[in-house]
Structures are given as C-alpha cells and as structure tokens.
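Protein chains in written order, with this note's numbering: chain A, 11 to 233; chain B, 339 to 417.
Bear in mind the hints are in silico, worked out from the structure with no lab data behind them.
Just so you know, these numbers come straight off a predicted model, no measurement behind them.
Only true hints are included.
Straight-line distance between alpha carbons at most 20 Å, and here's what the computed EDC-like set of lysine to aspartate or glutamate pairs gives: (1) B:K378 - A:E116; (2) B:K348 - A:E116; (3) A:K33 - A:E229; (4) B:K340 - B:E401.
Covered stretches of chain B (chain A as the covering partner; in silico rule of three or more C-beta atoms under 8 Å from a C-beta of chain A): (5) 352-364; (6) 400-411.
Note that the Cβ used here is the ideal one computed from N, Cα and C, for glycine as well.
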Amino acid sequence: MKVAVLQFPGTNCELDTVYAFEKLGAQTQIVWHKEESLPEDTDLLVVAGGFSYGDYLRSGAIAKFSPVMKAVKEYAANGGKVLGICNGFQVLTEAGLLPGALKRNEGLHFISKHHHLKVENNDNIFLEKLNKGDVVNIPIAHHDGNYYIDDAGFKELEANNQILLRYTDENGNISNPNGSVGSIAGVCNKEKNVFGLMPHPERAMEEVLGSADGVAMLEGFLA
Amino acid sequence: MKAIVNVFLKAGVLDSQGKAVHHALDSLHFEGVEDVRIGKQIVLQLSHTDKEKAMAEVEKMCEEILANTVIEDYNIELV
Numbered sequence: 011m012k013v014a015v016l017q018f019p020g021t022n023c024e025l026d027t028v029y030a031f032e033k034l035g036a037q038t039q040i041v042w043h044k045e046e047s048l049p050e051d052t053d054l055l056v057v058a059g060g061f062s063y064g065d066y067l068r069s070g071a072i073a074k075f076s077p078v079m080k081a082v083k084e085y086a087a088n089g090g091k092v093l094g095i096c097n098g099f100q101v102l103t104e105a106g107l108l109p110g111a112l113k114r115n116e117g118l119h120f121i122s123k124h125h126h127l128k129v130e131n132n133d134n135i136f137l138e139k140l141n142k143g144d145v146v147n148i149p150i151a152h153h154d155g156n157y158y159i160d161d162a163g164f165k166e167l168e169a170n171n172q173i174l175l176r177y178t179d180e181n182g183n184i185s186n187p188n189g190s191v192g193s194i195a196g197v198c199n200k201e202k203n204v205f206g207l208m209p210h211p212e213r214a215m216e217e218v219l220g221s222a223d224g225v226a227m228l229e230g231f232l233a
Numbered sequence: 339m340k341a342i343v344n345v346f347l348k349a350g351v352l353d354s355q356g357k358a359v360h361h362a363l364d365s366l367h368f369e370g371v372e373d374v375r376i377g378k379q380i381v382l383q384l385s386h387t388d389k390e391k392a393m394a395e396v397e398k399m400c401e402e403i404l405a406n407t408v409i410e411d412y413n414i415e416l417v
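Turn these sequences into a full structure, and let the hints steer you where they fit.
The following block contains the structure:
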C-alpha cells in the first residue's frame, strides 16, 4: 500500500499523516506541490491539512493552481483514491473535485477541540470498517469549516449517500460546531473515490493522545 | 486602467461576519440598519487599453480564482 501525501507551502499536517499511515503499515511519500506527476503505483493520495498559501484569498483557493493539481485531477478522474483532510478538503472543493464550499465558521472563531462524529454512510472504502450510526471522537481544528451547498446539491448528496460524517454529541445527536449545512463534517464525490472531511483522523491514532478512533477510519483504505 | 472587483457572499448564503457587525451596530444604537454584508474588494492595475477586452479578462479571473461562485457573487467596475 503506497500513500502519497501532498505538501504545499503552508501545509502542516503532512508528518502527522505520514505517521498515521506508517503506523498502519503503509509506505508513504511526501509529494511537493511543484511535482508534475504522482509517484508510480500510488494507492491513495492524501491532501494533508494546514494553511496552504496562508489561506490567502480563500482557504485552498491558490493551492488548486499548483503544478501537482493537474496530476491529482487526472488521478481522481481515473478512479484513484483521494482523501482531503481539513485544508485538503478545502483544496478539493476549490478544485471542483468535491461538491460545495467551506465558509468561515458561523461563530467566527477558530475551533480546536475533540468532537464527536456520526458515520452517516459506510458504503464507501473510507468508512467501510465502521458501521452506519457509529459515533467516533476525532479532533477538529479549523476556521473555515462551515460546509455550504445549495438545496439541490444537498438533496443530491443525500440521495447518493455522499454524506460521510455529521457533527454530533457523544450519543449521536446532531451538535453542530461551525454552522455547516446538515451538520456535515465530510462528503465524498458521486463516484466514491474522492473523500473530504474537516476533522483530523490522523490526529486520533493513539489512546494516550485522547482517541484512537482515527485508526478504524484510515484502515479502510488499506484493505 | 484599473479594475475594481467586489466579491460578496451570495444572497441566501449566511454572512456570519455581516451578522456580527450588524449586532455590534445595534448595540451601539445606530438605527435604521436593515442588513450588513461584508465582502472584499480586489483592485487590479491593468495594462489593457481596450475596455471590452479587459472586462472579459477580469470576468475570467473572477470565475477561475477571484470568487468561488459556489458561495460568492462578484461585480466588476473599470475605471
């Protein structure tokens, strides 16, 4: 299993991501944004979190024009698996690889804390190790995590089981930290090979650090 | 010539910053403010001399990068 992890200027979660996937036994490689191709035989491409290009203009807006993004688009179009975490999710929506957009949090504050999420759909490789309705505890750390999609788009997401995770309390009741439409924390594309979420599963790999619920999520890709 | 681009969240997309400023204005007892929308202004100094060409070019910039048309509207003024 070969995992490529994208690194833009301002990315800061690439090493956590590498740690998480290596802990699960994957081989990893960090890919600088100036590269024009991805490593051969990449099984999963992760767009890691951080503040690519300082979040200038909009989060993820400038990263979408990095040289490597052309290869990313081709890779996704050919069915390659892509996971965007936090800023990576923002980059993927800006690049048009995932529907919707991420706005400033409703309360205008940067939120950094553990949050519970409910698995909404698991008929995809990312969450197949979890059951529908499972509640996991995963850290969030974002300023622009307020997912927006118009009504028609939202209905489409629901109809195609594209909503991956919703923000809830520990009992699975909706509890929305940032104002996102439908309390959405993560979505995938219609083809179910491109995934994006604001929470950080790669930061939930060790009980001693508060939660190891990220293991079951990332393990899905290793099947 | 200059292009002045204004980018705002679309009508119907909640503008949290606008709302917060609206509350602040209310608490300062400014009356008669019905709505506040906050956007950004991008000023481009252009070397173009043809207005029509410049407008087409700036529109393209807005569609490709300056605005995220999923959530934002823009308008362009050439001066």
